[in-house]
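Engineer: Below are the chains, spelled out letter by letter.
2 protein chains.
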Amino acid sequence: MSVIRNILNSRSSKGGNFFNILTQILGFKPKSILHYKKAFTHRSLNRRDEDGNAINFERMEFLGDAMLSAVVASHLFKAVPGGNEGYLTKMRSKVVSRKHLNELGKDLGLIEHVQTNIPKDQFGVNIHGNLFEALVGAIYLDRGYKHCKRFIYERVINPYVDIEQLEGKVISYKSLVIEWCQKEKKEFDFNVYEDTGNDELKHFAVKLRIGGRVVAKARATSKKKAEEKASKRAYYALQAKID
Amino acid sequence: MSVIRNILNSRSSKGGNFFNILTQILGFKPKSILHYKKAFTHRSLNRRDEDGNAINFERMEFLGDAMLSAVVASHLFKAVPGGNEGYLTKMRSKVVSRKHLNELGKDLGLIEHVQTNIPKDQFGVNIHGNLFEALVGAIYLDRGYKHCKRFIYERVINPYVDIEQLEGKVISYKSLVIEWCQKEKKEFDFNVYEDTGNDELKHFAVKLRIGGRVVAKARATSKKKAEEKASKRAYYALQAKID
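In the order they appear, the protein sequences are chains F and B.
According to the UniProt record's numbering, the first sequence holds residues 1 to 243 in order.
According to the UniProt record's numbering, the second sequence holds residues 1 to 243 in order.
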């Protein structure tokens, strides 16, 4: 019990209350905080429960990975009615790729809240994706599939799953826009600035000017994503000209 | 629309009403029968919807596979609190192995209800598992995750997921029992007979006699499984002697 009490009472390295931090990250209030504590516990702490079972996020990655795969599978199945089994499998592996999960974990700043005995700069690059998977596993344990699905839609599918881009038809909207500007001999400028506002996460805003006129604005959790989002909007606005 | 009406009105090769057959296989009443019709439609029929998208069970295998993986992951996570990520991954791959899924599909007699243009004896051995996956996908689309999970528990986890057996600690309870009988010079006899009763599926019952006395009984959807089940019961009853 002392271990559990200890975990419950511990506060994040940021000094804020873990419950509040979690609520910000999740977008909803957790019911049982214990699952999330586990999801942020690194094996280096060597924590064990009364039966001697390890308490850390590694097992939860397995669960989170399974839930991500299921929710993304169901989304792609419905979103692309013409895609066959092979296509759906390929698209899913792009959405839940290690690279993509790392980006998601990084954007949410999950690493800031890890309890660990080793310095955080010694973690490999995959720590971000692993923590993201573990978080998804914790949500499933805490609130069940429906809530877990909603979280995955809000944090993964809605902001990042663009079928055309996944299919490789469009690799980067930014490069399409730049190409068009160069061809048309128009000056362009991505004006990026921090714009976190009341948001729980750091956000960036971008204004894309072409020929001196703002053609698109966007906001996202990284500079790159904000630029891409603005470019996509500009691309669709300019599409008649580009095609 | 004519295709849809055609599918809805079609009857299974067994002559029974598809809705009733489904209810028997599923253990509950389907809401939207269309998903199941798809799950039993082979590509050889070359059916397409109004948008030209293929109507057959292949896409649904992808969905069912994802749901099976998620539900089994969640079960193993909870059932084996001491198992690490690698262990859980290995155990899951045993539960959802091609061989096992083929057995499950075969036990449910799914192939009898497939709509196809090619003779059923030309299907490969994996048709059984593919149909089982597609059926799980159809359940998810029809009734959502909770119902899908319940079905997987009833048809996969409860009857077949034995952690000790999966771990390879016990390969076959039948062979353990036989070994013990030979060592103890006891006569044994597996008396197997068909015992379908009011069940939707063909069932077999077995009485295991050791030294002339019935030590265990069991019932299952195949002879092999009934024998194994009875052996497991006998094994636990005899365990004090075997150890």
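Honestly, I wouldn't trust all of these hints.
Identical copies go unnamed one by one, so any copy, or any two together, can satisfy a pair.
List time: in silico DSSO-like cross-link candidates among lysine-lysine, alpha-carbon distance up to 27 Å [claimed, not checked]:
| hint | residue 1 | residue 2 |
| --- | --- | --- |
| 1 | 229 | 94 |
| 2 | 31 | 78 |
| 3 | 78 | 217 |
| 4 | 94 | 185 |
| 5 | 202 | 90 |
| 6 | 120 | 78 |
| 7 | 217 | 120 |
| 8 | 229 | 31 |
| 9 | 149 | 31 |
| 10 | 31 | 183 |
| 11 | 186 | 149 |
| 12 | 225 | 185 |
| 13 | 78 | 29 |
| 14 | 186 | 120 |
| 15 | 207 | 78 |
| 16 | 31 | 225 |
| 17 | 224 | 29 |
| 18 | 120 | 149 |
| 19 | 229 | 78 |
Bear in mind the hints are in silico, worked out from the structure with no lab data behind them.
Engineer: Now tell me if each hint is right for this structure.
Structural biologist: Status of each hint after checking the structure:
no. : hint        : in the structure
1   : 229 <-> 94  : within (19 Å within a copy, 43 Å between copies)
2   : 31 <-> 78   : between (31 Å within a copy, 18 Å between copies)
3   : 78 <-> 217  : neither (30 Å within a copy, 46 Å between copies)
4   : 94 <-> 185  : neither (35 Å within a copy, 60 Å between copies)
5   : 202 <-> 90  : neither (32 Å within a copy, 39 Å between copies)
6   : 120 <-> 78  : neither (40 Å within a copy, 29 Å between copies)
7   : 217 <-> 120 : neither (35 Å within a copy, 58 Å between copies)
8   : 229 <-> 31  : neither (34 Å within a copy, 40 Å between copies)
9   : 149 <-> 31  : both (16 Å within a copy, 22 Å between copies)
10  : 31 <-> 183  : neither (55 Å within a copy, 56 Å between copies)
11  : 186 <-> 149 : neither (43 Å within a copy, 56 Å between copies)
12  : 225 <-> 185 : within (25 Å within a copy, 74 Å between copies)
13  : 78 <-> 29   : between (29 Å within a copy, 23 Å between copies)
14  : 186 <-> 120 : neither (45 Å within a copy, 64 Å between copies)
15  : 207 <-> 78  : neither (34 Å within a copy, 49 Å between copies)
16  : 31 <-> 225  : neither (32 Å within a copy, 42 Å between copies)
17  : 224 <-> 29  : neither (30 Å within a copy, 50 Å between copies)
18  : 120 <-> 149 : neither (30 Å within a copy, 38 Å between copies)
19  : 229 <-> 78  : within (24 Å within a copy, 40 Å between copies)
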